[in-house]
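Visitor: Dock chain B against the given chain A, drawing on the hints supplied.
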Amino acid sequence: MISIRNIVKQYGGYRALSDVSIEVEKGTVFGLLGPNGAGKTSLIRIINQITAPDSGTILFNGEPLGRHHVERIGYMPEERGLYKKMEIGEQIVYLARLKGLSRAEALRRSKYWFEKLQIQDWWHKKIEELSKGMQQKAQFVATVMHEPELLILDEPFSGFDPVNAEIIKNEILELNRKGATIIFSTHRMESVEELCDSIALLHQSHKILDGKVKQIKNSFRNGTYILECEGAGITPGADAPFTILDDNRTDEHHHLRLKINDGGSPNDVLRYMLPLATITRFEEIVPDMNEIFISTVNKQDK
Amino acid sequence: MNKILLIIQREYLSRVKKKSFIVLTILVPVLFIGMFALIGYLAVKGDDLGDEKKVQVIDESGTFSGKLKDTHSITYVYTTGNYDSAKASFIEDGYNFLLHIPPASSSVQIELLSEKKPSATTIEAIETGLSNIAEAQQLKLAGIDTAVLAQAQKRIEIKAKQITEAGEKDAQTYTAYAIGFLSAFLIYICLFIYGTQVMRGVIEEKVSRIVEVIISSVKPFQLMLGKIIGVGMVGLTQFILWIIISVGLSMVGGTMMAGKAMQSKQMAQVQQTVNDHKELKQVQSPDKGMATIMQSIESIPVVYTISCFLFYFLFGYLLYSAIFAAVGSAVDNETETQQFMLPITLPLIFTFALAQSFIINNPDSSLSVWLSMIPFTSPIAMMIRIPFGVPAWQLALSMFLLVLGFVFTTWVAARIYRVGILMYGKKATYRELAKWFMYKE
Numbered sequence: 001m002i003s004i005r006n007i008v009k010q011y012g013g014y015r016a017l018s019d020v021s022i023e024v025e026k027g028t029v030f031g032l033l034g035p036n037g038a039g040k041t042s043l044i045r046i047i048n049q050i051t052a053p054d055s056g057t058i059l060f061n062g063e064p065l066g067r068h069h070v071e072r073i074g075y076m077p078e079e080r081g082l083y084k085k086m087e088i089g090e091q092i093v094y095l096a097r098l099k100g101l102s103r104a105e106a107l108r109r110s111k112y113w114f115e116k117l118q119i120q121d122w123w124h125k126k127i128e129e130l131s132k133g134m135q136q137k138a139q140f141v142a143t144v145m146h147e148p149e150l151l152i153l154d155e156p157f158s159g160f161d162p163v164n165a166e167i168i169k170n171e172i173l174e175l176n177r178k179g180a181t182i183i184f185s186t187h188r189m190e191s192v193e194e195l196c197d198s199i200a201l202l203h204q205s206h207k208i209l210d211g212k213v214k215q216i217k218n219s220f221r222n223g224t225y226i227l228e229c230e231g232a233g234i235t236p237g238a239d240a241p242f243t244i245l246d247d248n249r250t251d252e253h254h255h256l257r258l259k260i261n262d263g264g265s266p267n268d269v270l271r272y273m274l275p276l277a278t279i280t281r282f283e284e285i286v287p288d289m290n291e292i293f294i295s296t297v298n299k300q301d302k
Numbered sequence: 001m002n003k004i005l006l007i008i009q010r011e012y013l014s015r016v017k018k019k020s021f022i023v024l025t026i027l028v029p030v031l032f033i034g035m036f037a038l039i040g041y042l043a044v045k046g047d048d049l050g051d052e053k054k055v056q057v058i059d060e061s062g063t064f065s066g067k068l069k070d071t072h073s074i075t076y077v078y079t080t081g082n083y084d085s086a087k088a089s090f091i092e093d094g095y096n097f098l099l100h101i102p103p104a105s106s107s108v109q110i111e112l113l114s115e116k117k118p119s120a121t122t123i124e125a126i127e128t129g130l131s132n133i134a135e136a137q138q139l140k141l142a143g144i145d146t147a148v149l150a151q152a153q154k155r156i157e158i159k160a161k162q163i164t165e166a167g168e169k170d171a172q173t174y175t176a177y178a179i180g181f182l183s184a185f186l187i188y189i190c191l192f193i194y195g196t197q198v199m200r201g202v203i204e205e206k207v208s209r210i211v212e213v214i215i216s217s218v219k220p221f222q223l224m225l226g227k228i229i230g231v232g233m234v235g236l237t238q239f240i241l242w243i244i245i246s247v248g249l250s251m252v253g254g255t256m257m258a259g260k261a262m263q264s265k266q267m268a269q270v271q272q273t274v275n276d277h278k279e280l281k282q283v284q285s286p287d288k289g290m291a292t293i294m295q296s297i298e299s300i301p302v303v304y305t306i307s308c309f310l311f312y313f314l315f316g317y318l319l320y321s322a323i324f325a326a327v328g329s330a331v332d333n334e335t336e337t338q339q340f341m342l343p344i345t346l347p348l349i350f351t352f353a354l355a356q357s358f359i360i361n362n363p364d365s366s367l368s369v370w371l372s373m374i375p376f377t378s379p380i381a382m383m384i385r386i387p388f389g390v391p392a393w394q395l396a397l398s399m400f401l402l403v404l405g406f407v408f409t410t411w412v413a414a415r416i417y418r419v420g421i422l423m424y425g426k427k428a429t430y431r432e433l434a435k436w437f438m439y440k441e
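As given, the protein sequences belong to chains A and B, one line each in that order. Okay, so the first sequence: first residue is 1 according to the numbering used here, each after it adds one. Okay, so the second sequence: first residue is 1 according to the numbering used here, each after it adds one.
Just so you know, these hints were derived from the structure itself, not from any lab. Any given hint could turn out to be false.
[Stated by the list, open to error] Dumping the calculated PhoX-like pairs for lysine-lysine here, alpha-carbon to alpha-carbon at most 25 Å:
(1) A:Lys84 with B:Lys3
(2) B:Lys219 with A:Lys85
(3) B:Lys3 with B:Lys17
If you're wondering where the values come from, they're calculated on a predicted model, not measured in any experiment.
Chain A extracted, bound-state conformation:
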């Protein structure tokens, strides 16, 4: 869908993007992650042709990105904004027409979306008269009205209350099921694991990690497990196939965090432990995206 190749962007003496290359496959949900100031917004603006890169190319479905592609992209910036003194319905129609829709078509589709999100009663209200959540919904409608093939959402859930965030999330997923490719930038990791197929991690203008979420998580596994057993606990001998990282025990409960020795397997641990105690829990600790994010960024900083 989108191939970002060797993008460099420099603002005066400040480098926003250095040689960033990312592939986003069609029909996927792609997460663009990174701490503040990493270059996410710069990259998103380049894809939206708001700014141009100093060097590098972007391909949209294999063809070089051009002006005519803007009508196939929907963009919701992090800082939301609509005309405060304009009626919301009129405004949505205007923005859709700027994306190339005819007036009649824009009217038809906005009716559909307003009903779907249950904001049809607000058609004639001005933005400044609406609640924050309502404004966000209107903004979302403005983004998806022209049925873009590529939807770029910058921090889409910030500012939403949990109920509305859920509504918007489901709408995004539905659009994705219908074939839209979605790029969203965020630093909220829980939504990444829930939604994204692939991610790229930007840090200080460099891409430091990218790939499918599952593969990344696999590559960050390091043989750490949690083991719990009943009773006062055990003290493993020197022959144990693991080393203990953490040991918490009470009279009737024992909680261990352990790391399997090199070459060992979980079964070795179980085999060793079974004669010694009644095991109630044995579970691999898979690093969550948040830990991956923090550890990768920290590693980079060192």
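Guide: Frame of chain A, contents of chain B only:
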């Protein structure tokens, strides 16, 4: 192109639909006409409206007794008696003023006493009265007949004529003054009003952050141009409505005045007062004055003047509003615009100040010609010169330079604008603006 039209449409409609636009459009001509009507009314009736002032005169010289003529507002009462005792009692006696004229031999000056400060017009009226009598007295003493003198003092009027290709024509200097000044003033005011509107619009889009949504659909240049043209059309609409309403109101007002059978003398006085206060005294026949004015208005090439006005308004506006747009893009709120406003508005203020004093009196001096060539000053300077007659080549060159200037400022402004609208929280300095200008596309 289609998208620019959409933007123009939104900018135009969102402004024209505002209540403030409608109110301003109706109110300005009403106030304007009302103001002139009031001035005219006061000029005619002003003297009658003022308080009646009673002046007690003690004339010890004997020269002036009974000779000071009463006017609308001043009545002279001649009394004999002691100055000092009159001083104490004139207010209680119902007089506003006490005028004391010492004997001719005395070195004491003539004095006017009053409870409150006398107005300048009252003093002037009394002084003029006294001077006239004294002058006549002196002339008589020198053996000159005042009747002969009056004849000798015939006012001489110069008939100014311009040599044109069509032969001679009357050079209506006063009308040229008025037309030039009025159109320059309108351009000056409107460049500010509509330029600021463009700037506000840009700031509004930037602050509400909608700009990022819009420029993901259209180029920043399209947005800027659409806004400038949209606001410009609002300006033109307002102009045209103002003209229509003013003309309509004056016609209605005119009919009403005619209905009241206003005397031609009074009409002429109104006209003359509005036109030039000094002239009033010297006009012999009011009817003739009226005729002169009507004639001079007819002598103005209306289409030519209005076309020039619209051209200079339009391109002057385009030139300045592009700069206003760039300034709006560079700041986060309106208060920050101050540092940029002065250099932008300085050429306008400077030209307008010069226009009132220098250019209007020396329309063909080299400074005036230069000012009417430089694109930043020409919209005002040229409009002052046009009623006095400008060579065609100068007009053509000035217009060409103005269009060139507009293209140039728009180009510069667009380069700053495209970067500025995405910059938040950065204090814009001139250096920063220069850097933005240099950024690659």
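Visitor: With a cut-off of 25 Å on the C-alpha distance, tell me whether Lys219 of chain B and Lys85 of chain A pass.
Guide: Judged against 25 Å, a Cα distance of about 23 Å means the pair holds.
Visitor: Lys84 of chain A and Lys3 of chain B: Cα distance at most 25 Å?
Guide: Between Lys84 of chain A and Lys3 of chain B the Cα gap is close to 21 Å, so the pair holds against 25 Å.
Visitor: Within 25 Å, alpha carbon to alpha carbon, are Lys3 of chain B and Lys17 of chain B?
Guide: Since the Cα atoms of Lys3 of chain B and Lys17 of chain B sit roughly 21 Å apart, the hinted pair holds (cutoff 25 Å).
In the structure shown, no violation is registered for any of the earlier numbered hints.
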